[in-house]
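**Student:** Turn these sequences into a full structure, and let the hints steer you where they fit.
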Amino acid sequence: MNKTAMPELTFDHTVTTLLVATVVEMLICVATVPLSTINLVVISRTSLLHLNLKVILLCQSAFILMRGLNRLLIDGYKLTLMDPYYPELLEPYRLVHVFTFFNRNCIAHILIIERFMATAMVKTYETRKSWIVHFRLFAVSFYNTIELGQMFATFASVLSESVMLFLGIGEWVIFARLWRFNEQRYKLSFVKQEHSLSERYQMSENIRTGKQLTPTLSFHFWMVFASALTAYWSYFEIPGFAYMLMAGNIANGIAGLMIEALMIACHPFLKRDAISTLRRIFVFKRPTNRVHDDGGQQATKCAKNSNRKSIAMHDLINGKALVVSSMGQDIYFDSLWKYWNEGKCAM
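Just so we're aligned: 645 in this note's numbering is position 123 of the sequence shown, and the numbers increase by one with no gaps anywhere.
Derived from the structure by calculation, the hints contain no laboratory data.
Because the structure is a prediction, the values reported are computed rather than measured.
Think of the CB as a built atom: it goes at the ideal place given N, C-alpha and C, for glycine as much as any other residue.
Keep in mind that a hint or two might mislead.
Think about it this way: if two alpha-carbon atoms lie no more than 25 Å apart in a straight line, the pair counts; the simulated DSS-like pairs of lysine-lysine are [said to hold, decoys possible]:
#: 1; residue 1: Lys645; residue 2: Lys733
#: 2; residue 1: Lys645; residue 2: Lys709
#: 3; residue 1: Lys576; residue 2: Lys733
#: 4; residue 1: Lys793; residue 2: Lys645
#: 5; residue 1: Lys576; residue 2: Lys645
#: 6; residue 1: Lys793; residue 2: Lys733
#: 7; residue 1: Lys709; residue 2: Lys733
Pairwise CB distance ranges, derived in the manner of DEER restraints [unchecked claim]:
#: 8; residue 1: Thr602; residue 2: Gly692; range: 39 to 47 Å
#: 9; residue 1: Leu612; residue 2: Arg801; range: 36 to 44 Å
#: 10; residue 1: Tyr754; residue 2: Pro556; range: 28 to 36 Å
#: 11; residue 1: Ile696; residue 2: Ser726; range: 14 to 22 Å
#: 12; residue 1: Leu591; residue 2: Arg794; range: 24 to 32 Å
#: 13; residue 1: Leu689; residue 2: Tyr615; range: 25 to 33 Å
#: 14; residue 1: Ile696; residue 2: Thr602; range: 43 to 51 Å
#: 15; residue 1: Leu591; residue 2: Ile803; range: 13 to 21 Å
#: 16; residue 1: Leu591; residue 2: Leu689; range: 51 to 59 Å
#: 17; residue 1: Ser569; residue 2: Leu800; range: 19 to 27 Å
#: 18; residue 1: Lys733; residue 2: Leu681; range: 31 to 39 Å
#: 19; residue 1: Ile772; residue 2: Phe703; range: 30 to 38 Å
#: 20; residue 1: Leu591; residue 2: Thr799; range: 29 to 37 Å
**Tutor:** Written out as structure tokens, the structure is:
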């Protein structure tokens, strides 16, 4: 590294404030990186998500993880040099930052397109799975990274961020309408009896997925807004851009952290798998020297389990969980047979 290329830096209130903000951003990234890693592991192992949605969510976590690691390197370099400006200009770090920045912001738009496809193709969407589409999207996003990365603080950059911002507003409205449309369509399916059981399942999945993705899309819109505000600040040369840039980085870091946390918290199966993964990592069973009757304990355990509610089923009409004991299984299947004969479970 050629240190003669570094600008002379005098410590003042601005530099001190930016270095403190750098520490704050580092702490956010330290929390984000393990969450993104857990999401990548859990989502990659689940078979409950549609392939299209699964790949999009994997890309989302991958971009947030890459950004978090890259920002940790940049912030660590800032604190090493005690310079909040120079490391932001280094090309290797900047290229990775731009790559993760633009592609992560595109995830929200791709999610809206995927949800629209799931709604419009409700009869056949379950069978529409192809990796080719995702490779094409990746190629387009990589091209955008190379092109848009050269437009910082230019009119083209401001125009691009403005388009992304207005698209985000429009897509948020579309997403809300899709959610409401799916709910109404699902309720009418039981009245008109025009949909097969597989179609009703796909519609119920669309409703559940919409509820689970709402917090994620909210924070994606937050990131797009912060990016647009930073671009405006730079283009119009408003004083205090260094503060705005650091505030934008912190806002984007918080949004990424919340997206990763809410992806786990809002999806019950991902949450279960994440907790199970953490238990395997951090919880260890301590060996014991106690001598006991394993056979007697097993018999007692089986006797207790026989009296517990053991089988979880769902009502086909309202989707509520029905937890029944072994003695109540006949009642459940009798009700299922009644729904079938009444035509409520038309295939």
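**Student:** Indicate, hint by hint, whether the structure satisfies it.
**Tutor:** Evaluated hints:
1. Lys645 with Lys733: holds (21 Å)
2. Lys645 with Lys709: holds (16 Å)
3. Lys576 with Lys733: holds (16 Å)
4. Lys793 with Lys645: With a Cα-Cα distance of about 29 Å, the restraint between lysine 793 and lysine 645 is violated, given a limit of 25 Å.
5. Lys576 with Lys645: holds (20 Å)
6. Lys793 with Lys733: holds (15 Å)
7. Lys709 with Lys733: Answer holds: lysine 709 to lysine 733 is near 17 Å, not above 25 Å.
8. Thr602 with Gly692: 39 to 47 Å: Hint holds: Cβ distance 44 Å, inside 39 to 47 Å.
9. Leu612 with Arg801: 36 to 44 Å: holds (40 Å)
10. Tyr754 with Pro556: 28 to 36 Å: Distance hint for tyrosine 754, proline 556 holds at roughly 34 Å.
11. Ile696 with Ser726: 14 to 22 Å: Given a distance of about 20 Å, which is inside 14 to 22 Å, the answer is holds.
12. Leu591 with Arg794: 24 to 32 Å: Given about 27 Å between the Cβ atoms, the range holds.
13. Leu689 with Tyr615: 25 to 33 Å: holds (28 Å)
14. Ile696 with Thr602: 43 to 51 Å: At 46 Å between Cβs, range holds.
15. Leu591 with Ile803: 13 to 21 Å: For isoleucine 803 against leucine 591, whose Cβ atoms are near 20 Å apart, the range 13 to 21 Å holds.
16. Leu591 with Leu689: 51 to 59 Å: Violated, at about 28 Å.
17. Ser569 with Leu800: 19 to 27 Å: holds (21 Å)
18. Lys733 with Leu681: 31 to 39 Å: holds (34 Å)
19. Ile772 with Phe703: 30 to 38 Å: Roughly 37 Å apart at Cβ, these two residues keep to the hinted range, so it holds.
20. Leu591 with Thr799: 29 to 37 Å: violated (20 Å)
The structure is inconsistent with the numbered hints 4, 16, 20, although it conforms to all the rest.
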